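> Using the sequences provided together with the hints, build the complete structure.
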Amino acid sequence: MSHAVAEQPAVEYGHVERTMVHFDDLDALGILHNARYALLLERALTAYWSDRGVAYQAGRASTPDVFHAVREFTISYLAPVTGTGPVAVHFWLEQLGTSSARYAFRFHSLDGTTTYAEGQRAVVRLDPATLRPAPWTDTARAVATTLLRS
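In the UniProt record's numbering, the protein residues as written are 1 to 150.
I should point out that these hints are in silico values taken from the structure, not numbers from a laboratory.
Quantities reported herein were computed from a predicted structural model and do not represent experimental measurements.
Think of the CB as a built atom: it goes at the ideal place given N, C-alpha and C, for glycine as much as any other residue.
Keep in mind that a hint or two might mislead.
[What the hints assert, rightly or not] Pairwise CB distance ranges (calculated): (1) THR82 - VAL124: 33 to 39 Å; (2) ARG52 - PRO135: 16 to 22 Å; (3) LEU131 - ASP111: 39 to 45 Å; (4) PHE73 - LEU148: 18 to 24 Å; (5) GLY112 - PRO135: 33 to 39 Å; (6) PRO128 - ARG43: 21 to 27 Å; (7) ASP111 - ARG60: 35 to 41 Å; (8) LEU96 - ALA58: 26 to 32 Å; (9) LEU39 - PHE67: 18 to 24 Å; (10) PRO133 - ASP111: 26 to 32 Å; (11) GLU42 - THR114: 20 to 26 Å.
In structure tokens form, the structure reads like this:
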């Protein structure tokens with residue numbers, strides 16, 4: 001969902017990715033269904049990392065860092081998204097550990113005046129053979145450090 005024609009807003013830290021809310025993302029009230037926020041965040045993060053070479057391509061992981069699991073996801077809903085169209089997802093890293101990372105994020109209007117939701121998402125890089133925590137590669141660390149909020 002990245003690759004929007006319009007320029008991304010400038011932010012002091014992290015990154016803003018536009019993502020689309022589609023008709024099937026809405027609930028019976030015509031607002032963005034609460035469960036869709038996790039999916040839209042996933043799409044924004046996937047677009048960001050994919051643009052930097054960390055992705056699934058041709059059925060294979062481009063780097064071992066793609067093999068990670070969400071450990072925690074929290075979200076607070078502040079204002080409803082009331083229809084289809086683009087929304088902005090601002091995300092950054094609050095913490096980067098040896099094998100884990102903690103993102104913070106907020107969903108907001110394209111002009112930045114309305115915050116719809118905010119929260120955190122923690123992930124752990126796993127060894128595919130053992131499913132135990134494994135260190136991030138130097139490739140992932142190089143990208144991740146650009147997202148760290150200082």
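> Indicate, hint by hint, whether the structure satisfies it.
For each hint, the structure was consulted:
1. THR82 - VAL124: 33 to 39 Å: holds, 35 Å
2. ARG52 - PRO135: 16 to 22 Å: holds, 19 Å
3. LEU131 - ASP111: 39 to 45 Å: holds, 43 Å
4. PHE73 - LEU148: 18 to 24 Å: holds, 20 Å
5. GLY112 - PRO135: 33 to 39 Å: Given range 33 to 39 Å: holds, Cβ gap about 36 Å.
6. PRO128 - ARG43: 21 to 27 Å: About 23 Å separates the Cβ atoms of PRO128 and ARG43, which means 21 to 27 Å holds.
7. ASP111 - ARG60: 35 to 41 Å: Holds, since ASP111 and ARG60 (Cβ atoms, about 39 Å apart) stay within the stated range.
8. LEU96 - ALA58: 26 to 32 Å: holds, 28 Å
9. LEU39 - PHE67: 18 to 24 Å: For LEU39 and PHE67 the Cβ distance comes to about 20 Å; the hint holds.
10. PRO133 - ASP111: 26 to 32 Å: violated, 40 Å
11. GLU42 - THR114: 20 to 26 Å: holds, 22 Å
Of the hints listed earlier, the one the structure fails to meet is number 10.
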